[in-house]
Amino acid sequence: MKYVDEFRDGDKARRLAELIRTEVNPEREYRLMEFCGGHTHAIFRFGIHDLMPENLKYVHGPGCPVCVLPAGRIEAAIELAEAEDIILCTYADLMRVPAGRGDSLNRARARGSDIRMIYSSTDALAIARANPERQVVFFAIGFETTTPPTAAAIQIAEKEGLSNFSVYCNHVLTPPAMRHLLSSGEAHIHGILGPSHVSTIIGSQAYAGCCNDYQVPLVIAGFEPLDVIQSTLMLVRQINEGRFEVENQYSRAVSQTGNRKAQALMQAIFEPRAMFEWRGLGGLPDSAVQIKAAFHAFDAEKRFGMQAIDVADIRGCICPAVLRGVSDPVDCKLFGSICTPEQPKGACMVSSEGACAAQYSYGRYRLGGKSEI
Amino acid sequence: MCLAVPARVESLDRAASTAVVNLDGISKEVSTLLLDDVAVGDYVLIHVGYALERIDPEEAEKTLTMFDELKGVEP
Ligand code: SF4
Ligand code: SF4
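These protein sequence lines are chains V and P, in that order.
Mapping of the first sequence onto UniProt numbering: position 45 corresponds to residue 45, and the numbering continues sequentially without gaps.
Mapping of the second sequence onto UniProt numbering: position 9 corresponds to residue 9, and the numbering continues sequentially without gaps.
Chain V with its partners taken away, still in its complex shape:
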């Protein structure tokens, strides 16, 4: 595939890695956080960490919307689906995320609730059009990448007067979470691999304040292996030179200002939410969006009076620490024994971008630390 294959060249990957090995300072440690689950997945899938010198470590971050959504928000959706005669639509990954007491959307569906997996917000609109006598709720999650498509759906629903369509909005924002991680300092991060596709929307300048305030360099990195390794080299150079700039390795898709049309659409429909609970990070102010008052008719939380529910994660699961970059999936006693991608006990084992799932799927089977590229 064009723009994929040429960024997976194994020979170049090994040369780049060699360059990194010659340029790292053996006297120090390099802890690089990949904020985004897409990078976590690429690092494990292609064995990129095995190509790196001993003193360079990738630390996994909270950049997967499935992983950071607290169980209570899923529990609330299950309660709604069981209490009301609605069709609940959601992206596939959410179906298996553990809610309270081992429950999940999948189980609720098996008990008879009408819960449907969709690929796009446009599918949820189509279901609403086809079922005018029933309420259709779109359980929306995602970072800035996935927020504009939800905004588009609300805009279309308003234009068409689709009065049976509403959105359970769980969209979260990247820069506030990044700020929170850096301000706590507990993950001891020296550099950040910045999200690829979040950045296509918000632009590279969105991180400038963060890098400056905490004096940590950030390189926006594409998701292919050569992108990740080249960005790692760029971070190593910044760290060695004591710089803390925003650099953009993924310039083929990310500009300084981002996608203005998508930003305008988000601003038309959404506004900041005073407080939102993240798994692992806790309640963070202004870290998520909610639907503006003018569109309250399309806000499922308002329409159905949905309440926040507090649900504890399963005992032993250390997802919160994994998401903050202070623990590794293998530190979890449940990892690979009780908790597997087939029977996930925590959210990080569900999405293929979750740190536990990525490590389980690719880490376990690699013989003697061999890279796959």
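It cannot be assumed that every hint is accurate.
[Unchecked claim] One side only, chain P facing chain V, incomplete, derived with CB under 10 Å: (1) 20; (2) 58; (3) 67.
[As the list claims (entries may be wrong)] Okay, the calculated beta carbon distance ranges per label pair: (4) 31(V) <-> 39(P): 35 to 45 Å; (5) 267(V) <-> 72(P): 46 to 56 Å; (6) 72(P) <-> 260(V): 38 to 48 Å; (7) 10(P) <-> 215(V): 25 to 35 Å; (8) 28(V) <-> 73(P): 38 to 48 Å.
[Stated by the list, open to error] Below, a list of computed lysine-lysine pairs in the PhoX-like style, where the Cα atoms sit at most 20 Å apart: (9) 62(P) <-> 2(V); (10) 302(V) <-> 292(V); (11) 28(P) <-> 2(V).
Quick caveat, the hints were computed from the structure, so don't treat them as lab data.
Computed from a predicted model, the values in this text were never measured in an experiment.
Glycine included, each C-beta is placed from N, C-alpha and C at the ideal position.
Assemble chain P with the ligands onto chain V, guided by the hints.
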């Protein structure tokens, strides 16, 4: 959950703000609501049924030529 993949724009329906793209050999209809002036032949990133952003061929080329600094490096 939200990887975006590059695909080539095969045809456009401007009135409906949709495009048919070729995604590794498979034709798929996507929304172009988030992008102004997409053209047939452009490569765009597809995410949950929407074209998110155009891929800039010149910038892609620049990134690839940066790998040339590797010529002398022996793995
Ligand atoms: S693209 Fe978005 S959702 Fe996907 S891993 Fe990155 S930040 Fe998370
Ligand atoms: S292995 Fe499972 S239980 Fe342990 S932290 Fe990961 S998701 Fe949670």
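Hint-by-hint comparison with the structure:
1. 20: violated (14 Å)
2. 58: holds (8 Å)
3. 67: With a minimum Cβ separation of about 5 Å from chain V (threshold 10 Å), the hint on residue 67(P) holds.
4. 31(V) <-> 39(P): 35 to 45 Å: Given a distance of about 43 Å, which is inside 35 to 45 Å, the answer is holds.
5. 267(V) <-> 72(P): 46 to 56 Å: holds (49 Å)
6. 72(P) <-> 260(V): 38 to 48 Å: holds (42 Å)
7. 10(P) <-> 215(V): 25 to 35 Å: The hint (25 to 35 Å, Cβ to Cβ) is violated, given that residue 10(P) and residue 215(V) are roughly 47 Å apart.
8. 28(V) <-> 73(P): 38 to 48 Å: violated (22 Å)
9. 62(P) <-> 2(V): Answer holds: residue 62(P) to residue 2(V) is near 15 Å, not above 20 Å.
10. 302(V) <-> 292(V): holds (11 Å)
11. 28(P) <-> 2(V): With Cα atoms ~17 Å apart, residue 28(P) and residue 2(V) stay inside 20 Å; holds.
When held up to the earlier numbered hints, the structure conflicts with 1, 7, 8 and fits the remainder.
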